[in-house]
Amino acid sequence: MQDKNNPLSPHLQIYKWQISSLLSITHRIVGVINILAITIICFFSLSLLLGAESYEFIHNLFKSFLGKFIVVSICWTFSFHILNELRHLLWDLGYGFDLKVARVTGVLALIGSFILTILFYLVGKNIF
Amino acid sequence: MVQFNLPQNSKIEIGKHYQDKTNSKNIKKVNIYRWDPSTGQNPRVDTFEVDMDNCGPKVLDILFKIKNEIDPSLTFRRSCAHGVCGSCAMNIDGVNTLACIKSHTDINGDLNVYPLPHLKVVKDLIGDLTTLYKQYESIKPWLETEQTGEEKTELQQSQRDREKLDGYYECILCACCSTSCPSYWWNGDKYLGPAVLLQAYRWIQDSRDGDKKERLKKVADELKLYRCHTIMNCTNSCPKGLNPAKAIGSIKKMLATS
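Line by line, the protein sequences give chains A and B.
Throughout, my numbering is defined as the position within the first sequence, counted from one, plus 35.
Throughout, my numbering is defined as the position within the second sequence, counted from one, plus 21.
Keep in mind the hints are simulated off the structure, nothing from the lab.
Treat the hints with caution; some may be incorrect.
Lysine to aspartate or glutamate pairs mimicking EDC-like chemistry, simulated, CA-CA at most 20 Å apart [said to hold, decoys possible]:
hint: 1; chain 1: A; residue 1: K135; chain 2: B; residue 2: D187
hint: 2; chain 1: A; residue 1: K51; chain 2: B; residue 2: D114
hint: 3; chain 1: B; residue 1: K161; chain 2: B; residue 2: D242
hint: 4; chain 1: B; residue 1: K238; chain 2: A; residue 2: E120
hint: 5; chain 1: B; residue 1: K274; chain 2: A; residue 2: E88
hint: 6; chain 1: B; residue 1: K49; chain 2: B; residue 2: D74
hint: 7; chain 1: B; residue 1: K185; chain 2: A; residue 2: E120
hint: 8; chain 1: B; residue 1: K274; chain 2: A; residue 2: E91
hint: 9; chain 1: B; residue 1: K49; chain 2: B; residue 2: D127
hint: 10; chain 1: B; residue 1: K239; chain 2: B; residue 2: D210
hint: 11; chain 1: B; residue 1: K173; chain 2: B; residue 2: E243
hint: 12; chain 1: B; residue 1: K273; chain 2: A; residue 2: E88
hint: 13; chain 1: B; residue 1: K273; chain 2: A; residue 2: E120
hint: 14; chain 1: B; residue 1: K273; chain 2: B; residue 2: E243
hint: 15; chain 1: B; residue 1: K261; chain 2: B; residue 2: E191
hint: 16; chain 1: B; residue 1: K211; chain 2: B; residue 2: D131
hint: 17; chain 1: B; residue 1: K185; chain 2: B; residue 2: D242
hint: 18; chain 1: B; residue 1: K234; chain 2: B; residue 2: D182
hint: 19; chain 1: B; residue 1: K261; chain 2: B; residue 2: E243
hint: 20; chain 1: B; residue 1: K238; chain 2: B; residue 2: E184
hint: 21; chain 1: B; residue 1: K234; chain 2: B; residue 2: D210
hint: 22; chain 1: B; residue 1: K261; chain 2: A; residue 2: D127
hint: 23; chain 1: B; residue 1: K274; chain 2: A; residue 2: E120
hint: 24; chain 1: B; residue 1: K50; chain 2: B; residue 2: E34
hint: 25; chain 1: B; residue 1: K42; chain 2: B; residue 2: D114
hint: 26; chain 1: B; residue 1: K274; chain 2: B; residue 2: D232
hint: 27; chain 1: A; residue 1: K51; chain 2: B; residue 2: D127
hint: 28; chain 1: B; residue 1: K273; chain 2: B; residue 2: D187
hint: 29; chain 1: B; residue 1: K273; chain 2: A; residue 2: E91
hint: 30; chain 1: B; residue 1: K50; chain 2: B; residue 2: D67
hint: 31; chain 1: B; residue 1: K50; chain 2: B; residue 2: D127
hint: 32; chain 1: A; residue 1: K51; chain 2: B; residue 2: D131
Just some of the chain A residues that point at chain B, by a computed CB distance under 7 Å [what the hints assert, rightly or not]:
hint: 33; residue: P42
hint: 34; residue: L43
hint: 35; residue: K51
hint: 36; residue: Q53
hint: 37; residue: S59
hint: 38; residue: F113
hint: 39; residue: A137
The structure presented is a predicted model; accordingly, all values stated were derived computationally and were not measured.
Note that CB positions come from ideal geometry on N, CA and C, so glycine has one too.
Generate coordinates for the entire structure from the input sequences, incorporating the hints supplied.
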């Protein structure tokens with residue numbers, strides 16, 4: 036268009052969120068969080084080489100409420116990313132594009148991620 | 022480039038409020054995006070109170086009623102009025118669709134009407150689709166054959182091969198899908214977008230076409246094709262019930278297996 040002063044029509048501001056788009060952006064955000072989480076876990080493991088004191092530090096951190104919250108959150112981010120990635124694998128194989136199927140698998144991935152998180156938590160608590 | 026906020030000249034201001042003059046008890050408030058190129062002002066959202074007792078069932082009927090009875094300067098594209106031409110594609114109640122087949126009785130509360138998202142606005146509800154049409158041209162939406170035109174027999178297609186085009190040939194290029202796609206919003210200059218990729222797939226799939234390999238090669242590009250992250254806003258918005266996400270998935274699969 037010649038006239039560059041024409042306004043841009045609104046996009047994110049007005050577009051209604053769909054289940055599919057919401058899960059897609061969550062998948063992305065959660066992916067970034069997972070990378071950070073893995074990096075931090077690596078540094079934690081490395082710090083154990085420094086001896087008992089650093090172990091004590093990490094131990095206390097995980098025992099605090101904030102620590103527990105972070106660990107449970109990371110359990111969820113990993114669960115969600117894995118389950119939603121399964122949908123992506125299915126799509127890459129050419130299945131699951133039907134609107135209803137995509138919606139159902141999306142909701143299943145979301146519900147499944149919470150169930151997995153609870154399972155992880157219970158396993159961590161040595162309940163099984 | 023990803024830019025979440027609207028540029029300064031596109032920020033939406035509060036517009037005029039047209040009060041109902043018919044004393045009707047069945048009123049619907051309709052908020053419509055307005056921009057007039059002759060004033061040099063920012064776009065605004067006008068609110069119209071529309072008498073629903075004397076209005077047809079579709080959103081396009083509301084727009085016509087406003088244009089005929091309240092504000093004749095309201096500008097929008099329309100032609101066939103029954104979902105065949107794709108002219109009246111716009112963002113209604115947050116989702117792109119055709120005004121002529123979208124029933125306003127489905128929508129509770131105020132009705133919000135905006136032009137198709139992330140386009141340069143020409144006037145009011147009309148967005149500029151030049152880029153999309155150029156991209157459409159770039160995929161050569163015609164049969165490429167070695168026929169000279171001298172042949173005595175026509176190019177034939179078996180029933181089975183013809184069926185492969187079902188769900189793709191119906192596309193009316195209304196641009197609802199492309200302009201619903203966040204990837205297309207951020208990379209619209211390079212990424213082809215769902216509408217054009219669905220068309221690309223339609224020609225790749227055509228048994229009469231002789232240029233399949235070349236077509237696939239041309240579309241196999243990090244930006245042109247793989248900016249699709251299966252967000253599926255396209256399929257969710259298609260007023261003809263087609264599945265652009267599946268078409269793009271099929272192209273990706275073809276490339277992976279060929």
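Those earlier numbered hints the structure runs against, lowest number first
4, 5, 7, 8, 11, 12, 16, 17, 19, 20, 21, 22, 25, 29, 38
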